[in-house]
Structures are given as C-alpha cells and as structure tokens.
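Participant: Following the hints, complete the assembly by docking chain B onto the known chain A.
Here is what each chain is made of, one letter per residue.
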Amino acid sequence: MDKFSISDIRTAINQMVQITWKELRTIFKDSGVLLILIIAGLGYPILYSTVYLSESVDEIPVGIIDECGNSFSRGFASKIDATREVSLVGCVNMDDAISKMKSRSIHGIIVIPKSFSKDIEGGKQTTVSLYVNMATFFIYKNIALACNYVMLEENKNISLKRLSADGLTEQEALASAEPLRNKMNILFNEGNGFASFFVPGVLVLVIHQLLFLGIGMVSGTRREERANSQVNTKEKVSQREVFRHIFGQGAAYFLIYSLIGSYILILVPRMFGLPHFASAWDIYRLLFPFLLAVIFFSQTCAVFIRNRETGMVMFLFFSVILLFLSGLTWPVSSFPAFWKYFSYIFPATFGVEGYLKINCMGADFSVIMPEFIALWAQAIFYFITASFSYRYINK
Amino acid sequence: MKKNNNMLGCILNVMLRERDIMSSRPIYLYGTVLVLAFCAIFFVSLMYQGLPQRVPVGVVDNDDSYLSRTAIKQIEAMQGIEIARRYNSYHEARLDMQRGKIYGFIEFPQDLYVNTVNGLRPTVPVYYTEAYMIPGTLAYRNFLQIANVLNAGVRRTTMRAKGVPEADIMPSLQPITIDTHSICNPWTSYSIYLISIIWPGILSLCIIVMTVFTIGFELKQKTTPDLLDKAGGSIVNALIGKLLPYFLIYLLVGLSFVILAYKIFGFPLLGPAWVMIINITMLILASHAVGLFFIGLFPVLRDALSAASLYSVIALSMCGMTFPVEMMIPPMQGFAQLFPLRQYYLIYVKWAMLDSGVGNVWINMLGMCIFFFLPFLILKRLKEAMVNLNYPTK
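Taken in order, these protein sequences are the chains called A and B. Quick note on the working numbering: the first sequence kicks off at 1050 and runs consecutively. Quick note on the working numbering: the second sequence kicks off at 16 and runs consecutively.
Same shape as in the complex, but just chain A:
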C-alpha cells in the first residue's frame, strides 16, 4: 500500500465533508431555499394529492330528452341513469337542455328519438344522439363510456328477445346474439382513478423541479455575492478540487432529498391510497441514480443562472413542459422524433417512467433496466458537464 495515496484520500474525504457541511449550513440558513427545498417538498405532494382526493368522477349530471316517452325508452334511460358515471336530469326540450348545458348544470345531452321503440319493434336501426363537450376531459370520457356500455348491453338484450321470439332456446339465442363474448379488462389503475393516474408522475416531477430550483437559487446567490464583493474570492482550483466541490455540494442535496424523496415517493402514496406496488428497496434503487442525475443536471445548468432569483423566472414554466415530455398525458408513441430525443435530456423523463412502471404497474425492477441505465448515464454525463460548468463559473 502506498502511504501517500491513503493520506491523499483522507484529505479528499475531509475536504468533501467540509464542503458538504458548508453547503448544508448555507441551505439551512437561507429561508428562500428552505421554502423551496423543504417546505414545498413536504407540502406540495400533500396539496396535489388533496386536489384529486375524490379520485373518480361519478354521477355526472347529463340531460335527457325522451321524445319517445314510453316504458321502453324510459327503460333505456334508467339503465344509463343506473351507471356509476352518469346521473340523468330530465329536460323538456332541446332549448331547455341547451340552456342547462350553458350554465353547466348538465355536462351532456342524450336525445332518444320519437321513433325509438317503433324502430326497434319494426326491426329498423334507431339512433340515439349524444351531445358532449370536451372541455373537461374526465367528464367527457366517463359520459361516453357509460353510454357506450348501456348501448351494447341493450343491443344484446334486444337481439336475445327477438331470437327467443323466433323460437330459439336461451342457449341458442345467446349463441346467435353474441357469438363471441368480449370482456374488457383494465390492467393497472383498475379503478380508473384520476389521482392514481396523474399524481404519481407529478410526485417525481416535484422532486425534479424543487431540487432544480433550489440548487439554482443557492448557486445563483453564490455568484451574486461574489460579483458584489470587492475582494476577489476566486481562487485557482485544480481539477481534483472541482470534483470534490461538485461531489461535496451534491452530497448535501442528496442527503436532504434522500429523506424528502422517500417521503414523497414512499410515504405519500400510502397516505393517500395511491398505487404503491414497489418495495421501498426498489424505490431507493431508482431514487439513487435519479437524485444524482437531477443534482448534477442542476449544477450544470447553474451556468445560466447569474442571480439568486433568475433560475425561477427562467425555468418555472418548464414544469409544464416536463409533464408533457414524461409521456404521462400525450403518449410517447405519438411524439415527433425531435421531442422524443429532446426529452432524453431531462432526468424527469426516465424518473417518471421508471417510477410509474414499478410503483403503479407493479413491474419487476428488471423491467425498468433501460430507465435505470439511462439515469446512471445521465448522472455520469452531467457530472462531467457540471465540472465544466463549475470551472466556467469560477473562472
């Protein structure tokens, strides 16, 4: 063993611990940074989960105009009313329904035509009209779902009745009315809940954005103070020391966010009944490279942030962009190639994907190997770029 190298490592570790300690003190002495990193880190996930606490959208008021008005059409209407999603509101005529729609006391209109029962009895096809408005996605989706379901059931029943009337046995009638049974199964997010779909992805984005804004604030402040101070505090640093600084400062954020991150990704889903299939160990395995990638990425971007506050002005809107880039709303399969590759820049893309797969879809950790590797690659890449960034800032 070379004695020299051991003492060298010891100095390096000592220096790094000192840098970490100094960074932690900077963070905890700064109320603005504390607000972003800790208070928002603790509060924001709760706020988001509370917004969508109701999970599902049931009993949406939908207007019904029953022009046919006999027991047959009323039966059809009552079946729609009986669905979990829709609750019918009687409307006298179209004008009445439209005015109710305009005041948003109903969100859709169903019109059963005058010839409804006559058509069906006469063997003609009848058309029920559904008017919906796509202004609120979840309402639109659930109304369409409920009506479709009732229509299919009703069609089957009508066919059965007709065939039985033709003298077929029940079994024969069934085989003729519905030769193939189809069964629609939901895999993952079986309850069709909005929170279970939306909030888990947002939780990962919250970690990404708060760390990014927090680190940007600290490094912006540091640059600002240096620019304002008369004495030149810049010192020549060796490459080794650059690495020590990045590691040392990064470790401070890593320490804080391994705690807050586990609160957000492990505890919050359990508190609010969101999906939580992954074991804590699997989540830590993902969180580790994710935090490294986010921290080094943020340290790299510090090069753009000259003032304490500019980071927030410049990058706040990016939270919305990242939500879309993560593929949570718009499917990645429909991304133009440019935006797909663009999304690979951000750790959030892989963080959200990986987290959703193991925690919401119950995937084995081996399934998210691509994301895991991508996050490590980002961590290494951004570590290198962070050192350039550090050198530029301290030039």
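I should point out that these hints are in silico values taken from the structure, not numbers from a laboratory.
Output of the computed footprint for chain A on chain B, the stretches with three or more beta carbons under 8 Å from beta carbons of chain A:
{"no.": "1", "region": "65 to 76"}
{"no.": "2", "region": "109 to 116"}
{"no.": "3", "region": "309 to 321"}
{"no.": "4", "region": "366 to 375"}
Keep in mind that this is a model prediction, so the values were computed, not measured. All C-beta atoms in this analysis are idealised placements derived from N, C-alpha and C, irrespective of residue type, glycine included.
Facilitator: Relative to chain A, chain B alone:
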C-alpha cells in the same frame, strides 16, 4: 388639469426608464416573449396529430384460425391503433405493457373458431391500461369497435346463410346506435382541448412571475427611490408606468394567441370570438394584479417569487380542465376560486365555446374583476418597503 398632465408625464418617465431596464438584460425578453413562443411551438408540434394515431397495441393469437386472422387484419386496418408486436402468451404481452411498449392487447383463445361455429360463445378478452389515460382509453375504444365488428361479422355470415335480406342485417345486428356529437371539437382533438387552457395557463404563470421579479428586483437593488422619484412620488404612477410596458407586450402576445388559435387554426367556438379577446385581456390584468399582490405581501424578491411560483404552477390543476372542480372536496372547490385561470376557463367554456351569453358568466367576470382590486390591499405596504429600503441583506 395640470395635475393630470403631470401624472401622464410621470408615467411616461417611468415607462422610458423601464424600457432601458428591459433592454439591459435578456431575461426580460425571455420571460415575456421567448418562453411563450417556445411553448406555443412545443405544444402545437408535439400534438400535431390532434388525436393520437396508431396507438401501439398487441395481439396474442392462440388460435391462428381464419377467424382470428380476419380479426387481426381488421385491427391492422384501424387508424387509431397499430399492432406493435404479436405475443405468444398473455404474460409476454402484459410484460410489454409494463415496459410501456403497448397500451392494450387482445387475446384470441385456443379453439376460438371451432367454439364459435359450435355456438359455445368463446370469450375474447381485451386488456387495456388506465395508468396512461389517453392512449389507454383510445386502445379501449378501438378494441371495443373491433369486438363489435367481429361479432357482427360472425352473425352476418349466419344470417346470410339463413337468407335474411341484406337491408335487415345491420339493424338487427345493432338495433341501437349512439351518434356522438362532440360540441366545439368534432374531431375530439386533444391538442385543441389541451392548448386552449395550457397555453393561457403558462401565460398567466409568466406574468405573475415577471411582475414579482421586475418590482422585487428593484427593491433588492435599492433602486426604488429613483423609481418613485421619476413617478413624482406616487406609487400608483410608479406601478402603472412600470407594468404598462409588460402589459402591452403580454397583450400583444395574448392577442396573437387568440387570433392564431381561433381565427387561423380555427379552434371551434359557438360563441363570438371577441369574447376570447376580453377574456385573455382580463386574464393578463388579473395575473399582473396577483403578481403585485405577492410582491406587496412579501416585499422580498426571493420570498415573493417562491410563493408566487408555487401558486402559479398549481393553477393548471385548479382550473378544472382535466378533473372537474365540482367533484373535488369542498375546501378545494373554494381554493379553486383563488385562481384567475379558473375564471378564464369558465368564461371560455360557457360564453365563447357554448355561446351562453353574458348572463351565465357575469359571476365569473365579477370573480375576475375582484383580482384587479388585490393590489390596493398592499399599496401602502409596498410603498413603505420602496421608501424605507428595508430589504434584508441576506
């Protein structure tokens, strides 16, 4: 009369001063124009398909019969979904769903054809995911159609064999159909639905943050005495002169959006398009007022900015475009009223989209106007901060 001239003169002085500030650093151009232009390009190009096309799905064919092969051909002919891969088993397909490669799959069981012919009514299961709501729902809708087509196909063959006249077959297969009219979005385009609110949401976010920044930065740099001096000592003049240039730029950007979206791209509206001009102007004004409120409440740039940021990001969730506010828990329904974007959304949906007339939205317009008065609550506090320069050094 003289005083009035004086006021205009003061405002002009402050505006000229602001012009110099704005041209001194790129962040002002960035936060007013570049971000919003980028977002517009981003959303339009990302979602140019309107409705996602060719959502990747899977097929598990355990039968490999005439019937299952016909079904696969029918799936291949659909616009909405595309067979990404064929799988040998349910487990393989489910695994690929977890990998995010497909959003749904259909499984043809063994002996499908034989059992169908023998009237045993085999079950054809379809699996789709709600973990990704938009593509999952699209996969569901397309598979449902396939299932119906398939059933109808089998029955049609039987009926033809029995000599049922062709004209009677369709009504008999599907006695009731539902004709869905998607009001103001006949193509059920997700891009129209999303861009209509998300872009104004980002506009509002930028305005709030820039308002806080531009005033807070002066407090921080201790240049507010100069600002008040140029404004003739009046805080109202100072704020009007300072924010008017931003307001005009944002108004220009906002109106370009309205013209682009509702005139050039033709996002459908049943109501008059000029409503959107009023609506976006009110949103811009209300956002400025909210920004002012934040910097007045916390006359320290970093605190105001942090608070304003946390507030403005959540506005997009609170406006009710994806999840209806009416279904949130009551405290959240009240909380939603604290966001100008919520009122913007309601005015847009009710008046512009559904042509409800002013009668149904006056309450929302009033709600929007309440925001305009927020700055008056903090004027005194803000002026004190501007004069006393008690900005914390750290």
